[in-house]
Amino acid sequence: MTDQIPAILVLAPLFGAMIIGLAGQKDHRACFPVALVSLLVTLFASIGAIFTVIESGPIDYFMGGWEKPLGIGIHLRIDSLNVILLVAIAIVAVLVAIFSIRRIGDKNAEKTPHFYSLYLLLCVGLFGITIAGDAFNLFVLVEVSSLTSYGLIAMGSSRRGTLAAFNYVLMGTVGASFYLLGVGYLYLMTGSLNMQEIHSIFVANPDIASSKAVAISFILILIGIWIKMAFFPLYGWLPNAYSYCPSSSACILAPLMTKISVYVMIRVMISVFGLGWVFASPGYSNLVVWLAVIAILAGSMLALAQREIKKMLCYLIVAEVGYMVGGAWLADEQLWGLTGSLYHILADAAMTLCLFLAAGIFAKRFNAIEIDDLEGLFKKAPWTAAGFVVGALAMIGVPPTCGFFSKFYLIRGGIEANHWEYVIALLISSLVNAVLFFRIFEIAFFGVKPSEGHGHHEEEEAELKEEHHPEIPNWTGTSSLLVASAFVILLGIFNGKVVELIRVALEDLTVVAQRF
Amino acid sequence: MRLPNMFAIIAVVITGGILLYGVSDFPSFGDPKSPANAAVPGSESVSQYFITKSYKDTKVPNLVTSVLADYRGYDTMFETVVIFAAGMAIFAILGSVGGGSQPRVQEEGPSFVDGDHSRIIVGTTCRLLVPVIQVFALYVIGHGHYSPGGGFQGGVILAASFIIIALSSDLDAALRRLSEVNYLRLACVGILIYAGFGVLCQVLESNFLDYGVLQPILLTDGPEMARSHSMLGVEIGVAFTVTAIMFAIYANLSSRGTLRDGL
Amino acid sequence: MAEFFEQTLQPHFNFWIYVILMMIGLWALIAKNNLIKKLIGMSIFQTAIILFYVSLGVKEDATIPILDPYGQAEHAAAEAEGAETEGEKKRDSYIGKKSPDPDTMANPLPHVLMLTAIVVGVATLGVALSIAQMIFKEFGSLEEDEILEIVKGGSVDD
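So the protein lines, in turn, are chains A, B and C.
Every letter in the first sequence is one number past the one before it in the numbering used here, and letter 278, counting from 1, is 278.
Every letter in the second sequence is one number past the one before it in the numbering used here, and letter 177, counting from 1, is 1177.
Every letter in the third sequence is one number past the one before it in the numbering used here, and letter 36, counting from 1, is 2036.
Quick caveat, the hints were computed from the structure, so don't treat them as lab data.
Any given hint could be a false lead.
[Said to hold, decoys possible] With a cut-off of at most 20 Å between alpha-carbon atoms, the simulated EDC-like pairs for lysine to aspartate or glutamate come out as follows: (1) B:1053 / C:2149; (2) B:1056 / C:2144; (3) B:1056 / B:1044; (4) B:1056 / C:2101; (5) C:2059 / B:1025.
[To be verified] Simulated restraints, written as ranges between beta carbons of each label pair: (6) C:2036 / A:431: 43 to 49 Å; (7) A:23 / B:1014: 49 to 55 Å; (8) A:33 / B:1138: 34 to 40 Å; (9) A:22 / C:2103: 29 to 35 Å; (10) B:1011 / C:2003: 39 to 45 Å; (11) C:2146 / A:398: 46 to 52 Å; (12) A:60 / C:2005: 44 to 50 Å; (13) A:40 / B:1011: 51 to 57 Å; (14) C:2036 / A:281: 40 to 46 Å; (15) A:494 / C:2020: 39 to 45 Å; (16) A:33 / C:2136: 34 to 40 Å; (17) C:2146 / A:382: 43 to 49 Å; (18) A:398 / B:1011: 38 to 44 Å; (19) A:33 / C:2146: 42 to 48 Å.
[What the hints assert, rightly or not] Quick look at which bits of chain A chain B covers, simulated, 3 or more residues with Cβ under 8 Å: (20) 121-134; (21) 311-318; (22) 333-341; (23) 357-371.
Glycine included, C-beta positions come from ideal geometry on N, C-alpha and C.
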């Protein structure tokens, strides 16, 4: 049974989506249980995968049973690099599904089966991307997740949301097309689409590996992935797209989509081209680290200037992507930068989930869209506030949350690689985050607005703002938020174990790369 | 308007320059010994394996179909999922839901012949053509093993037959034949057929989509013919989904989601 | 000049064509004001990539990648000569002894990959068109500068 895990991970949400499509039209209340059951099945499968990988090494799965010669069938591979990411995706998906019970929006209540169907297909795409071992298969799954995300974002009824969705469609398609073009260049030069096979062709034929076409293919693939992860300067689509879409869509897309693209970049760097080739000329890695520095600073500064909560969080995502890309390209000897980047993928997924869930609860229950609307809310919604505070502290980098440890590893990598500009940018960004979030705490907890007095008006205004939705049980959102904040803290406490797993994976994979 | 133009020209020139820089290393056009077509030293060529050995493995003469539906069947399944997701996204965006709220007028007989002489020629010709188109579509689906064709191509032609009804009379006439509840169900059934074949292989102790083990169920004389017949089965599943979603996309886009008056 | 033509351009002319097409599409995507023209640019962009892949699999003097197991071509040739053939013998000859010569058949793999890519392109175009319809319903215009004016000048969203 455990050797069929890769197929189960992808098939369970797919069957769930089809059942919702068939049965959900008649009975909207059947959608959520079906979705929850299929996501729980994938959660158990991914936890089973962790134990299998720790005991007996990577799981290789060949679709259609075509194993030899390598490359005629499609290869799925779960190794210690992506197994924790699988669990992370499953947990985030389950939590957001619980959050989204009947929160699709009162105007969109009849679109419930469509929402859940698209949601499950998005999960299929994300799982498939993580375990893909074939370059073209990765493109198809990226398109599955992109199309479903276009649908999830454009589903809302806001005016600016439709224009934002249109720009997202254009940019996303251009990104995926660049990736496809890069894979085409690789196929023309090597004759294979399987990632492992391409790597062994590079090892065996150094003249192919040093040709111009292969270098250009790497640049094309990289540009395509950078568009997908909203790396500076290609981030223009992200703030508008994620702030004007329904809360439930934002909660599933923001923590996962950009982070999975970072994982794809790292996977392509390690498994297809090899770190030796990628870091061969320090000029290029320096250039990327400088771009990352600009991304971090620009993201943090722009976040400071925002008045709406979700837009501010979106610019923080841009800064976080800068952390990860910079960390991955640090090229230090012991690969601490890469370790920090991989750990930060998990940490950032948890932190962003926390913050977006809290923002979603604030928006739905209290109609609080702008930061100033948060006046005095911490007293009215203590549990939600606690979750938000945990997420904010993780963003700033306070121990024992995971944000502290990921910054620790990234800074260590930056020091060892002598990229002082990266270290300084990280520290500045933590400072800016602190300013940002403490300003929010001040407004929300003490109810102090700069131009008005202290909280006499607090109670009247708060009464006006809270809307009662009797049919939405409030505990669903709050409980997901609390579980998410628990994960933020747990990831921090157990960071040693997680980092150990990542180091084992990097050693296994890069030993091959060092040979080349 | 000046600023986007300058930015566009710069972006285009830089991107074009990067792409053309890499072109000089490429093998020539039409070279049968290029790495894509023949082997690179150190590995076995995938495409040569397909050309020389795929008939022995699958007994399907059309090499493109055998690669599409058997060796890379997982990709094809996700291609079908992409179409389904696009249909779902369009329903979600434009707001069409199953089970139309207003009941349709049950009309008998062709709706165009009502003293409207300008539509008699178009309407009658289309009515005569539709069965021919549908038979041809089924031929393209079924004959995909022996000639260019297959599930996607046949599915689109089948959807075109419904779209012709919608164009020549009106959208209601086409929706009477394939209503919105039914087309969503048809799409889901198509993917369930595809995934069902794969899961059946898993139940029989092999990997997903390994059709060879279906031999005892399909009662063929050899795993190769089992592959050939299963390929036909999954192509039929693909055709269902493609037909349903292509028609659904047309119906929703032409009526802006309301499914009341088409073009 | 002739040297440039012969050495650089001629063996790679298909790649030059696809790059020019792609750049036309990219330019339309960025520079055009009308949303539908942007979509057409996106479509041209994707089609150029499809052309690139299909041109990868071309071999000189090669035929389509469909086998002829009933030996109809040889049957026709043999009949013209007056000899007799059997369908069975020809069909079995593909197993074991005589497999087709790879140099005479075009590479089937790029065709397979591009079937998928074309379908993905059509699906994306469908979704983008439906979003464009929603935009038209909300703003009453499909020109990007007019929409941005309405958004900036307008009051509160949703």
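Do the hints match the structure? See the list:
Between residue 1053 of chain B and residue 2149 of chain C the alpha-carbon distance is near 61 Å, which puts this suggested pair outside the 20 Å criterion. Restraint check for residue 1056 of chain B and residue 2144 of chain C: the C-alpha separation of about 56 Å exceeds 20 Å, so the hint is violated. Between residue 1056 of chain B and residue 1044 of chain B, the direct Cα distance comes to roughly 18 Å. Compliance with the 20 Å bound is thereby established for this hinted pair. Distance check on the hinted pair: residue 1056 of chain B and residue 2101 of chain C sit about 14 Å apart at the alpha-carbon level, within 20 Å; holds.
At roughly 18 Å between alpha-carbon atoms, residue 2059 of chain C and residue 1025 of chain B fall within 20 Å of each other, so this suggested pair holds. The supplied range of 43 to 49 Å is met by residue 2036 of chain C and residue 431 of chain A, whose beta-carbon atoms lie about 46 Å from each other. In this structure the hint that residue 23 of chain A and residue 1014 of chain B lie 49 to 55 Å apart at CB holds, the actual value being about 51 Å. At roughly 38 Å, the beta carbons of residue 33 of chain A and residue 1138 of chain B sit within the given window of 34 to 40 Å.
The supplied range of 29 to 35 Å is broken by residue 22 of chain A and residue 2103 of chain C, whose beta-carbon atoms lie about 49 Å from each other. Between residue 1011 of chain B and residue 2003 of chain C, the C-beta spacing of about 31 Å breaks the proposed range 39 to 45 Å. At roughly 47 Å, the beta-carbon separation of residue 2146 of chain C and residue 398 of chain A lies within the given 46 to 52 Å, and the hint holds. Between residue 60 of chain A and residue 2005 of chain C the beta carbon distance is about 49 Å. The supplied range of 44 to 50 Å therefore holds.
The hinted window of 51 to 57 Å between residue 40 of chain A and residue 1011 of chain B is violated, with their beta carbons roughly 46 Å apart. Between residue 2036 of chain C and residue 281 of chain A, the C-beta spacing of about 43 Å keeps the proposed range 40 to 46 Å intact. Against the hinted window of 39 to 45 Å, the Cβ-Cβ separation of residue 494 of chain A and residue 2020 of chain C comes to about 55 Å, which falls outside the hint. The beta-carbon spacing between residue 33 of chain A and residue 2136 of chain C, approximately 38 Å, falls within the hinted interval of 34 to 40 Å.
A hinted range of 43 to 49 Å holds for the C-beta pair residue 2146 of chain C and residue 382 of chain A, which are about 47 Å apart. Distance hint for residue 398 of chain A and residue 1011 of chain B: a CB-CB separation of about 41 Å, consistent with the stated range 38 to 44 Å. Between residue 33 of chain A and residue 2146 of chain C the beta carbon distance is about 46 Å. The supplied range of 42 to 48 Å therefore holds. Chain B is given as covering the stretch 121-134 of chain A, and this holds because 3 residues of the stretch bring a CB closer than 8 Å to a CB of that chain, at least three being needed.
A count of 0 residues in the stretch 311-318 of chain A with a Cβ less than 8 Å from any Cβ of chain B is obtained; the coverage claim is therefore unmet, three being the minimum. Beta-carbon proximity to chain B at under 8 Å applies to 0 residues in the stretch 333-341 of chain A; the threshold of 3 is not reached and the given coverage is violated. Judged by the Cβ-Cβ criterion of 8 Å, the stretch 357-371 of chain A is not covered by chain B as claimed, because only 0 of its residues qualify and three are needed.
Hints 1, 2, 9, 10, 13, 15, 21, 22, 23 from the earlier list are contradicted by this structure; the remaining hints agree with it.
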